[in-house]
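In the order they appear, the protein sequences are chains X, B, W and L. Note that the first sequence covers residues 495 to 627 in this note's numbering. Note that the second sequence covers residues 495 to 627 in this note's numbering. Note that the third sequence covers residues 495 to 627 in this note's numbering. Note that the fourth sequence covers residues 495 to 627 in this note's numbering.
Honestly, the hints are just simulated from the structure, not real lab data. One or more hints might be untrue.
For identical chains, the list gives no copy identity; a pair is met inside one copy or between any two copies.
To be verified - Below are the SDA-like pairs computed for lysine to any residue, each with C-alpha atoms no more than 25 Å apart in a straight line:
1. Lys501 <-> Ser575
2. Lys612 <-> Asn590
3. Lys611 <-> Ser541
4. Lys540 <-> Lys609
5. Lys618 <-> Leu595
4 protein chains.
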Amino acid sequence: MYSNTHKIRVRYGETDKMGFVYYGVYAQYYEVGRVELLRSLGLSYKSLEDIGYELPVIDFQIKYKKPAFYDDEITVVTLLSENPSSKLIFNYECFNANKELLNIGSVTLIFVNSKTKKVCSPPKIFLKKLNSL
Amino acid sequence: MYSNTHKIRVRYGETDKMGFVYYGVYAQYYEVGRVELLRSLGLSYKSLEDIGYELPVIDFQIKYKKPAFYDDEITVVTLLSENPSSKLIFNYECFNANKELLNIGSVTLIFVNSKTKKVCSPPKIFLKKLNSL
Amino acid sequence: MYSNTHKIRVRYGETDKMGFVYYGVYAQYYEVGRVELLRSLGLSYKSLEDIGYELPVIDFQIKYKKPAFYDDEITVVTLLSENPSSKLIFNYECFNANKELLNIGSVTLIFVNSKTKKVCSPPKIFLKKLNSL
Amino acid sequence: MYSNTHKIRVRYGETDKMGFVYYGVYAQYYEVGRVELLRSLGLSYKSLEDIGYELPVIDFQIKYKKPAFYDDEITVVTLLSENPSSKLIFNYECFNANKELLNIGSVTLIFVNSKTKKVCSPPKIFLKKLNSL
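Build the full structure now, drawing on both the sequences and the hints.
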């Protein structure tokens with residue numbers, strides 16, 4: 495189990511006319527959460543693409559408990575909960591500055607060979623890095 | 495059971511570096527789908543807000559089967575599956591022009607009084623309209 | 495001088511906490527305007543990319559006169575004002591349903607060879623099509 | 495003349511199929527730049543709204559010199575170039591990690607009374623703060 499905590503400041507353009515962070519924006523916050531979790535493990539999402547892998551999202555689920563507002567500093571807690579196979583499952587919790595739970599969710603990504611566009615195993619360097627932690 | 499079909503053309507700004515529609519963009523496509531379903535029933539989401547209701551999203555789930563690409567014309571099929579209580583549950587399927595299923599999902603919204611910010615029943619005019627269909 | 499008129503319905507996710515369409519969203523509306531102008535001339539932006547061209551934006555200017563609101567139907571008037579060289583200059587006006595001018599602007603794109611990433615002339619098929627109109 | 499430097503990491507969802515940061519995304523980066531400039535001066539954009547002011551954008555101009563890519567760390571340099579009247583004019587330069595200039599631009603905002611929706615002078619507390627610097 496790997497975890498990471500990352501803070502994101504809400505942008506004006508991310509709010510909607512209710513004054514809330516638009517519900518679709520959390521897809522980006524969750525994306526940032528998992529990229530920063532990987533970076534904290536010494537793994538770069540970008541370099542995975544550079545060596546021939548793509549990681550499309552195949553499942554996204556989120557339950558909204560409380561809204562976030564403009565200029566709030568959101569804490570995104572990301573968990574990588576399983577030994578990765580061809581799938582990576584990330585679990586999430588977002589909190590506001592008062593430590594109130596804003597939402598919980600999960601995102602599943604799948605390793606794809608960027609040339610063949612077929613599902614594949616993670617690169618060895620990725621597994622080696624994870625196993626050495 | 496109410497249903498609606500609406501077409502959305504993929505914008506360049508909605509694609510990502512993989513060339514796919516970014517996974518978070520479907521939150522907007524689904525939003526358009528339910529608004530157009532309501533409009534097709536003679537109900538305006540905007541006028542719900544004008545008479546004092548807000549409808550925040552409390553749950554969003556989506557499974558991605560195939561990617562959509564730039565300039566694709568996406569068909570969003572929206573179903574309103576239950577007699578509405580304080581919750582509205584919309585179910586979705588998106589298809590590309592070849593009628594391939596791109597994703598399935600659901601979005602749950604909840605009626606909130608925009609002054610008190612408390613959960614409330616749908617306005618009578620809303621229920622009356624639905625029941626008359 | 496080529497012109498095109500295209501209507502875009504404002505999405506909820508495109509508004510901000512002021513209740514206005516966020517100022518950066520017009521970049522997408524303008525993008526849709528020029529793509530639909532080209533389509534109306536029998537030219538597909540997508541197929542330009544498919545035959546090896548990219549058209550990055552090098553200049554974007556917009557003056558905002560009035561805000562647009564949720565669910566407004568915006569009319570985007572796009573003009574292609576000059577015989578295209580390696581640059582395409584699009585001029586814009588957006589109107590609301592009351593025919594009030596919302597904003598005026600321009601976007602300049604430049605033809606780039608997608609392999610060499612160098613500025614290049616437009617493809618002959620593009621010029622031929624424009625000249626035949 | 496006030497200035498601020500702020501770093502923004504490019505999100506995947508901000509790229510487009512060319513692999514570049516989509517041209518409209520810089521509206522958000524510039525927004526973050528000016529909010530952080532104000533914060534560095536002890537002024538909160540959010541609190542301006544809380545005390546009854548809105549600051550819609552009336553002009554946005556940007557010239558793109560080089561693209562930014564996924565995961566790049568962009569340095570946004572923001573300048574507030576004049577003694578503020580009812581207008582605030584921000585000038586911008588963005589750089590990548592190699593200190594290459596990506597784009598230059600400007601954004602003009604105007605003080606509006608959020609009740610009357612009329613143009614107004616900046617709040618005294620705002621001017622006092624700026625003048626004391």
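Results of checking the hints against the structure:
1. In this assembly of identical chains, Lys501 and Ser575 lie within 25 Å of each other by CA distance solely inside one copy; the values are 20 Å within and 30 Å between copies.
2. In this homomeric assembly, Lys612 and Asn590 come within 25 Å of each other (Cα to Cα) only across copies, at 20 Å, whereas the closest approach inside a single copy is 39 Å.
3. In this assembly of identical chains, the alpha carbons of Lys611 and Ser541 lie at most 25 Å apart whether taken from the same copy (17 Å) or from different copies (22 Å).
4. For a Cα distance limit of 25 Å, the shortest separation of Lys540 from Lys609 qualifies both inside one copy, at 16 Å, and across copies, at 21 Å.
5. For the homomeric pair Lys618 and Leu595, neither the shortest alpha-carbon distance inside one copy (36 Å) nor that between copies (33 Å) is at most 25 Å.
Going down the numbered hints, you'll see the structure goes against just number 5.
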